[in-house]
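There are 2 protein chains.
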Amino acid sequence: MSESRPVALDAMGGDHAPHEIVAGAVHAVRERGLPVVLVGSPRVLYEALADHDATKEIPIVRAEEALEMDEGALASLRRPRSSIAIACHLVRRGDACAVVSAGSTAGIVTTGRLRLKGQQGVLRPAIAVDLPTLPAPAVLLDAGANAEVKPEMLVQFAHLGATYAELAHGIEDPKVGLLTIGSEAEKGDKLVRRAHELLQGSPGITFAGNVEGHDLLTGKVDVITTDGFTGNVALKTMEGAVRYAFAELRQAISESRLARLGAAMQRSRLRELHRRLDAEAHGGAVLLGLNGTVVIAHGASRAQGISAACRLAADLSAAGVVNAIGERMAATSRSHRLWWSSHGGDRLE
Amino acid sequence: MSESRPVALDAMGGDHAPHEIVAGAVHAVRERGLPVVLVGSPRVLYEALADHDATKEIPIVRAEEALEMDEGALASLRRPRSSIAIACHLVRRGDACAVVSAGSTAGIVTTGRLRLKGQQGVLRPAIAVDLPTLPAPAVLLDAGANAEVKPEMLVQFAHLGATYAELAHGIEDPKVGLLTIGSEAEKGDKLVRRAHELLQGSPGITFAGNVEGHDLLTGKVDVITTDGFTGNVALKTMEGAVRYAFAELRQAISESRLARLGAAMQRSRLRELHRRLDAEAHGGAVLLGLNGTVVIAHGASRAQGISAACRLAADLSAAGVVNAIGERMAATSRSHRLWWSSHGGDRLE
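Residue numbers (our numbering), protein chains in the order written: chain A, 1 to 349; chain B, 1 to 349.
In case anyone wonders, no lab produced these hints; they're calculated from the structure.
Hints may contain errors.
One copy or two, either will do: identical chains are not told apart, so a pair holds if it fits within one copy or between any two.
[Unchecked claim] Once the Cα atoms are required to be at most 27 Å apart in a straight line, the calculated DSSO-like pairs of lysine-lysine come out as:
no., residue 1, residue 2
1, K56, K175
2, K150, K190
3, K187, K150
4, K187, K175
5, K117, K187
6, K117, K190
7, K175, K220
8, K117, K150
9, K187, K56
10, K175, K190
11, K150, K220
12, K190, K56
13, K187, K220
14, K175, K150
15, K220, K190
So that you can see chain A by itself, here it is in the shape it has in the complex:
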């Protein structure tokens, strides 16, 4: 809340860039009182801001290039002056508190690793998403930054996720679950069997054991650690299934006149519910483990989603998530090293 540096908003990334991104910046500034700088093509952004009469409220930082949504991770290397790269640069220089982008996830992850670098002791940054459980969201990570991981990374994801759950959701001593295909320790593939061993008794982690796909939305654990391939498939499957259930329901409701009457009565509650399930409304995913706060908004985000992502980014920065992760990594690294080596873990770094 005491943060006065602006959020660096990548104005060129996203399905509805730049217009919905600019509209989101205007919303964040006017409705939420958050300082924002737009990063992108000055001419285009100036015109878009003019549509909102906001050319004097929101500064623009020039970036002549942009990563296309369908460009692979390698494009990040070829475009040191892309809008996302410049946004990272602003954070690195201390001119912005956090980055928000609705651009391609692979592009954001690669550019973030390149420009902000991983925090000391962090093997790989991971994408954390909030699942709509009650009373607090459960944190799932990695949701797609790392398709291939080592068991030690799943332990680190647990640390990253636990720090985030503590800071963002106020959960003390978060319970960590390992996503796999059976609740017994010996279930799963080699990766998760080894990760299970490492997590068990791992210092600083409250390991609650294996969890399965149907546990993700029950609130059984506060943090779910998994590789980016499985996590991404699970997240998208969940979104698809909720969308499916609602579509089916909508059809069931509108099919008879009596039913339509019932639907009208329920409309207000259903609208509320839909909003809570909507991935966009709570701002986006967070890339944890870099020297800077990075929020990845949904590619399809419109103004409201972008504004919510700016709120999330500013809050995480104000809460000091990067420092908290740094301290946790430093505090556990010695005991981890000892513990891992005594359990035959590979030495990484």
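Please build the complex by placing chain B on the supplied structure of chain A, with the hints as guidance.
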């Protein structure tokens, strides 16, 4: 339909064994006209049948042992006289047309592989499940038989699933999708990138490219091939998400009196809908690639679910799914071998 051999029903497997299993057998015999033999402890089963006045309608085959739900796959080796092993034996001897069990999936898979053996040319049997898409179900496999696979196995799962989609759902030339985390060919981990190469232009397969988690319920493809780890996580995540959406909905509906009225009006349609989404109602998963038809009913199955599983098993047996897979494997094996070796694929078996 011309099948007159009974279904061999493992009466000792499942959360509600033996009573709900026996009740399911009685339902299958009386309501569906399907011949069934119960496999398990004669004393226990005789008593359970007596409760239904059915001791003369349904034969019992003795099995003195049973696999516990929480026993690992190795227990199958230690228990050659378990109810699931005896049920497989009846199929192998030609005394039953198919096996149905609601026991532990790992136990069924291991026992099935051991007692029925894999079909010639099949590297690994796979568990196929129907997803509730329209107009026809989409087939997802492997849903959990193989946590670790090779790329070539994903191609074979495509063949197994396509045969099943043709026979069970009447789909000509089924479209096959590969489950991964991006629609472009280069997305995913090493396994799926290699499988993508192999599937492309693979003889006998209509490959529709990569699919993601949110495509599973849209009916975009008819068959989804994936490893058993990812498939199991996706399936359980989907079940959990649909359950979650309904629980949220139910709560939204009952919270006010007006809403309750609306709910009453919709009750019949909602019930219908729930049934279609309910994994149990359509019988269960099918273990494909063995020398015999094996249906894995949901562990929590009650009588109706068991009866539906018996129907599915008898129908698949009558449709000749084992022969159809055998023919497809024989027909494609030569062209596959040539094609694989020219594309640098590993030679397996």
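Against the structure, the hints:
Taking the closest pair of Cα atoms, K56 and K175 never come within 27 Å of each other, the shortest separation being 47 Å inside a single copy and 54 Å across copies. Taking the closest pair of Cα atoms, K150 and K190 come within 27 Å of each other both inside a single copy (10 Å) and across two copies (14 Å). For the homomeric pair K187 and K150, the shortest alpha-carbon distances inside one copy (17 Å) and between copies (19 Å) are both at most 27 Å. Taking the shortest alpha-carbon separations for K187 and K175, only the intra-copy value of 20 Å comes in at or below 27 Å, while the best inter-copy value is 32 Å.
With identical chains, the CA atoms of K117 and K187 are at most 27 Å apart between copies only, with a shortest distance of 23 Å across copies and 35 Å within one. For a Cα distance limit of 27 Å, the shortest separation of K117 from K190 across copies, 25 Å, qualifies, whereas the shortest one inside one copy, 30 Å, does not. With identical chains, the CA atoms of K175 and K220 are at most 27 Å apart within one copy only, with a shortest distance of 8 Å there and 37 Å across copies. In the homo-oligomer, the alpha carbons of K117 and K150 lie at most 27 Å apart inside one protomer (20 Å), although the nearest pairing across protomers, at 34 Å, exceeds that limit.
For the identical chains of this complex, K187 and K56 are neighbours neither inside a copy (59 Å) nor across copies (42 Å), given an alpha-carbon limit of 27 Å. Proximity of K175 to K190 under the C-alpha cut-off of 27 Å is restricted to the intra-copy arrangement: shortest distance 23 Å within a copy versus 31 Å between copies. In the homo-oligomer, the alpha carbons of K150 and K220 lie at most 27 Å apart inside one protomer (25 Å), although the nearest pairing across protomers, at 33 Å, exceeds that limit. Proximity of K190 and K56 under a CA criterion of 27 Å is satisfied in neither setting, with 57 Å inside one chain copy and 50 Å between copies.
Taking the shortest Cα distances, K187 and K220 sit within 27 Å of each other inside one copy (19 Å), while across copies they are farther apart (31 Å). Taking the shortest Cα distances, K175 and K150 sit within 27 Å of each other inside one copy (21 Å), while across copies they are farther apart (34 Å). In the homo-oligomer, the alpha carbons of K220 and K190 lie at most 27 Å apart inside one protomer (24 Å), although the nearest pairing across protomers, at 32 Å, exceeds that limit.
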